[in-house]
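Trainee: The chain contents come next:
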Amino acid sequence: MNAHNLVLWAIVGIAIIAILVSLFLYQIPGNIKTKFDNVCDKYYTLLVSKGSLTAAEINSLNTELSNMNLKNITVSVTEGGWGEEVQLVVNANIEFMQVFGMAESIPTKYDNASISLGKR
Amino acid sequence: MTTHTWLILLFFFLIAVVIVWVFILDYQALVIVRERLETNMLAAGWAGFSSLSLEEIATRKDINILDMRNIILDKIVSEQTTRDYVIKNLKLFSDGRASANSYIADKARPVDIDVVIYNYNDVGNPYPYTSIVITVRVPFIMGPGGILKIYGEKTVVANYDTFLIQSQKE
Chain A
1 MNAHNLVLWA IVGIAIIAIL VSLFLYQIPG NIKTKFDNVC DKYYTLLVSK
51 GSLTAAEINS LNTELSNMNL KNITVSVTEG GWGEEVQLVV NANIEFMQVF
101 GMAESIPTKY DNASISLGKR
Chain B
1 MTTHTWLILL FFFLIAVVIV WVFILDYQAL VIVRERLETN MLAAGWAGFS
51 SLSLEEIATR KDINILDMRN IILDKIVSEQ TTRDYVIKNL KLFSDGRASA
101 NSYIADKARP VDIDVVIYNY NDVGNPYPYT SIVITVRVPF IMGPGGILKI
151 YGEKTVVANY DTFLIQSQKE
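Chains as they are written, first to last, in my numbering: chain A, 1 to 120; chain B, 1 to 170.
You may find that some hints are simply not true.
Stated by the list, open to error - Derived pair list, reagent style BS3-like, types lysine-lysine, alpha-carbon separation capped at 25 Å: (1) K91(B) / K35(A); (2) K154(B) / K35(A); (3) K91(B) / K42(A); (4) K107(B) / K109(A); (5) K88(B) / K42(A); (6) K50(A) / K75(B); (7) K107(B) / K33(A); (8) K88(B) / K35(A); (9) K109(A) / K91(B); (10) K75(B) / K33(A); (11) K88(B) / K50(A); (12) K88(B) / K109(A); (13) K71(A) / K42(A); (14) K154(B) / K42(A).
No lab work stands behind these hints: they were computed from the structure.
Only chain A is shown next, with the shape it has when bound in the complex (with noise of 0.2 Å):
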């Protein structure tokens, strides 16, 4: 094999194993989006059943998804009596890195309505 055979298949090995870690990586978004939104519905439930959110609540929310290093995360709730609509809107940025260090942000949102079962 000669130098420039050796150099075309060097770049062809490099080029296979980006492609390969490259969809890999585009894996990781999913499951920090299942992760995202599981946290989100215990919350949901809890606006449901009480009609509304504590502050205490809403902090914890906001703690809980900064440990799963989301960013830009923002918590919207509409609070209701009984029978009244209630709705948790959670908007954040799942981080996560590609080949070569290029950092990713993927934008994601919780939205979820129903009606409240439990006075305000």
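Go by the hints and put chain B onto chain A.
Mentor: This is chain B only, laid out in the frame that chain A set:
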């Protein structure tokens, strides 16, 4: 074989890998959509629980009997409320097609929604409590260029048990 032949074979191999991976990623997206559907459908189910049949509840004579404390829903109102909130949470148009804001990728084909209400004392109720059973059939596109068009079905049961499970998620 010459280097060029190997490179050509490698090129086709990589194309095959990418095509297979697109299907794998689409399948993962399908799993995520199913999870999100569950969340949205259960929320719609809780909305349905606000439609109590006060007339029937008022006919109860002995509240010391545990069964008598179960919820009785107005089936017609509850079904409509549940259906309305499935449409709202999935961000659908009234004809069932997904709007631009919906996470359902296939905007052309409609989502089918089926809601069944079981009061606790209904004959044939498969659950120990009053329950709202929601089934949706969601259009989904898979593969490079959306070559494969399928429908995915998801059923959730909103009742006392599922409320407890959802409130204790980690």
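Trainee: All hints, please: hold or fail.
Mentor: Taking the hints in turn, this is what the structure says about them:
| no. | hint | in the structure |
| --- | --- | --- |
| 1 | K91(B) / K35(A) | holds, 22 Å |
| 2 | K154(B) / K35(A) | holds, 20 Å |
| 3 | K91(B) / K42(A) | holds, 22 Å |
| 4 | K107(B) / K109(A) | holds, 19 Å |
| 5 | K88(B) / K42(A) | holds, 20 Å |
| 6 | K50(A) / K75(B) | holds, 24 Å |
| 7 | K107(B) / K33(A) | holds, 22 Å |
| 8 | K88(B) / K35(A) | holds, 23 Å |
| 9 | K109(A) / K91(B) | holds, 13 Å |
| 10 | K75(B) / K33(A) | violated, 35 Å |
| 11 | K88(B) / K50(A) | holds, 21 Å |
| 12 | K88(B) / K109(A) | holds, 15 Å |
| 13 | K71(A) / K42(A) | holds, 20 Å |
| 14 | K154(B) / K42(A) | holds, 21 Å |
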